[in-house]
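As given, the protein sequences belong to chains A and B, one line each in that order. So for the first sequence, numbering that gives the first Met the number 0 puts the first residue at 0; every next one is plus one. So for the second sequence, numbering that gives the first Met the number 0 puts the first residue at 0; every next one is plus one.
Mixed in with the good hints there might be a few duds.
To be verified - DSSO-like mimics (lysine-lysine), calculated; alpha carbons at most 27 Å apart, straight line:
#1 K24(A) to K43(B)
#2 K24(A) to K392(B)
#3 K313(A) to K248(B)
#4 K116(B) to K317(A)
#5 K317(B) to K116(A)
#6 K43(A) to K85(A)
#7 K104(A) to K114(A)
#8 K317(B) to K114(A)
In case anyone wonders, no lab produced these hints; they're calculated from the structure.
Number of protein chains: 2
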Amino acid sequence: MIKTAILGYGTIGSGAAEVLEINKKAIAERVGEEISLKYILDRKDVSGDKREALVTTDFEKIVNDDEVKIVIETMGGTGAAYTFVKAALEAGKSVATSNKALVAKYGTELMEIAKAKNASFLYEASVGGGIPIIRPLYDALCADEVEEISGIMNGTTNFILTKMAKEGSDFSEVLKEAQSLGFAEADPTDDVEGYDAGRKISILTSIVSGKQVNFEGVHMEGITKITAEDMKYALVLDRAIKLVATSKKTDKGYYAVVSPVMLPDSHPLYPVNGVFNAIFVKGNVLGDSMFYGSGAGMLPTASAVIADVVNIAKNLGKHIPYDWSKEELKLLNYEDMTRKFFVRASGEVKEREKEITELFGDVAFVEAAGIKGEFGFVTEEMSEKDFAGKYDKLNNKITRIRLG
Amino acid sequence: MIKTAILGYGTIGSGAAEVLEINKKAIAERVGEEISLKYILDRKDVSGDKREALVTTDFEKIVNDDEVKIVIETMGGTGAAYTFVKAALEAGKSVATSNKALVAKYGTELMEIAKAKNASFLYEASVGGGIPIIRPLYDALCADEVEEISGIMNGTTNFILTKMAKEGSDFSEVLKEAQSLGFAEADPTDDVEGYDAGRKISILTSIVSGKQVNFEGVHMEGITKITAEDMKYALVLDRAIKLVATSKKTDKGYYAVVSPVMLPDSHPLYPVNGVFNAIFVKGNVLGDSMFYGSGAGMLPTASAVIADVVNIAKNLGKHIPYDWSKEELKLLNYEDMTRKFFVRASGEVKEREKEITELFGDVAFVEAAGIKGEFGFVTEEMSEKDFAGKYDKLNNKITRIRLG
């Protein structure tokens with residue numbers, strides 16, 4: 000019998016407890032031993048909950064209990080979660096976490112402690128919810144050099160963008176709806192500004208580069224400025240607007256960027272709608288592959304956390320080396336990345352053609368049915384810096400979106 | 000330095016040699032030791048090949064060389080490949096193979112020998128080419144009970160069906176084209192009759208059930224009877240016809256079936272076109288997930304073989320337990336599976352409505368532009384057996400396709 004403790008009895012924490020219960024038998028067969036839950040750390044009132052008897056507010060009881068071999072951290076944040084996880088690892092316990100903020104900020108340090116203690120620090124659920132991505136990057140793509148990871152890694156923004164595209168509604172309207180349905184938080188900043196996706200792509204970049212990436216160095220743009228009109232142009236272009244987090248390897252190093260991107264219908268991420276997440280990976284020998292699934296939700300994310308628990312249980316006393324080094328990876332300046340851009344400008348094409356082609360060279364003009372007094376155009380490939388310089392000089396511009 | 004030998008220097012075998020060379024440095028870093036190729040077993044003339052010096056026709060030299068720790072089997076078939084792999088395992092070497100026929104027929108026995116010798120028998124590349132699926136089933140879904148696996152697992156037939164759908168051409172025409180492009184073999188039986196997909200779904204069913212599945216027990220139907228007209232009806236129904244291999248767990252046991260299926264545009268497998276493969280997995284807690292990538296090709300498949308080699312190299316002297324037991328899994332009779340069916344019948348709807356609804360109950364009638372003198376209808380959900388009885392009694396039927 001291997002005993003565990005859950006820190007944080009919210010959506011994912013209670014999901015983890017459920018998964019341990021629902022699949023108790025199958026898990027015991029795979030591990031060769033039963034995995035049981037001994038404590039739940041939470042401060043809220045749990046009167047009447049079926050696991051009431053396990054709940055404690057005293058972390059010391061957990062960290063000092065030698066029977067507890069695996070700690071499941073599902074509190075979120077980088078305050079108490081960091082203190083508790085560090086203490087648990089230092090006490091020789093292994094940790095499975097769903098907390099991307101913790102991994103992005105303190106992952107390097109926590110991996111080192113785990114290694115020194117012959118324990119493990121696993122974090123599959125911190126990226127892509129239930130989608131297996133971290134383990135495949137370490138184990139399945141181990142014959143490859145990963146050249147690109149691009150993903151829809153945030154369910155809230157994908158839900159909003161999908162609804163906007165379908166219904167022709169504006170961002171603020173759909174956000175309110177998403178909030179009332181529980182698909183967006185009361186303070187949605189982390190999701191809609193791209194910070195959540197930014198943390199995830201910084202974790203994935205650390206994995207493929209083997210070095211520590213500072214989340215703050217990722218260039219992040221959110222979806223708050225996307226409008227119903229942008230969606231109409233996307234439709235005309237046979238494209239979909241998605242919040243894409245990308246990590247790209249070049250000869251000079253790595254780029255990491257989060258921003259709305261218009262994807263063509265031939266792109267594997269194009270049909271990924273609603274709360275689903277998908278992560279596209281390009282290996283130098285594997286070529287294109289994609290991992291798709293529920294990016295959030297109680298049971299899918301809990302499935303990933305418990306998969307980590309099972310892997311730890313099979314390897315108790317050994318360090319599972321899903322690590323990167325503490326050497327810092329300096330990300331390249333995103334302004335040097337090249338791509339095509341879509342621009343909206345007011346007026347008529349024939350009046351402005353000269354001004355625009357003089358600035359941008361060859362462009363493809365686009366008009367969308369039902370949108371008057373403006374038009375769009377798609378540029379050739381150019382660097383972000385070049386584009387920004389030209390866009391700056393353009394008169395009567397409305398907005399611009401990157402092409403993927 | 001860990002030494003390997005490749006058995007069979009065809010497309011995948013030479014791809015494996017390439018991958019070891021291209022990613023030599025990255026692989027050495029991950030393993031902690033260089034992996035080098037010592038022998039290539041092949042009978043063909045390799046004069047002028049850059050690896051000519053490694054080529055031998057003498058398997059004894061390989062099996063008796065204690066330096067060779069890992070054997071890469073890419074010969075295909077169940078004749079010499081079986082003899083050689085068995086001998087290699089019995090000599091205490093580990094084996095990575097891309098050979099689904101070998102795994103489907105002799106996997107159980109070869110896993111047992113590997114286990115007894117503290118060696119490993121890995122076969123990631125035998126299903127889905129470069130798509131990581133076997134490792135995720137063992138490791139990433141280890142907190143789940145897998146309820147369904149449905150996949151497009153054969154690139155040749157998916158290439159043919161995609162081309163038929165796009166161009167409105169008939170099967171035999173597109174097959175010839177696929178053969179001239181090298182996407183289909185001179186004798187395409189294994190692919191177009193569904194046997195290749197059948198072997199793969201039998202391997203995946205063995206993995207999720209933990210028991211040996213006899214490939215012959217899988218119900219297999221191919222794509223040779225699919226016509227340009229069928230594709231037109233699919234278009235009207237917003238569906239795509241795909242060759243789908245499915246394994247389904249029920250209270251009574253497992254079904255395993257390969258057949259053409261009309262998938263709705265909401266299905267994750269719907270947009271998977273050309274030579275791409277994708278495998279959809281439903282876990283009881285994870286929910287829906289999908290793995291997508293190059294199902295064939297020299298480098299993608301070789302990437303999967305070499306990923307197995309890397310995993311073996313990291314675990315030399317240990318048995319990696321990607322096994323199932325020798326207990327046989329009796330598959331359920333596919334005739335008890337239920338689903339909806341699409342039927343084409345000749346004549347006019349109004350003349351035949353009574354006959355059809357008397358036989359099939361409520362159906363939805365469909366007509367396709369440009370197809371005269373016939374119509375289609377979609378049944379309610381019913382068992383294969385019930386459907387077959389009714390379809391048998393139906394006059395002037397043309398064909399039927401399952402709905403997914």
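Hint numbers contradicted by this structure
Failing hints, ascending: 1, 2.
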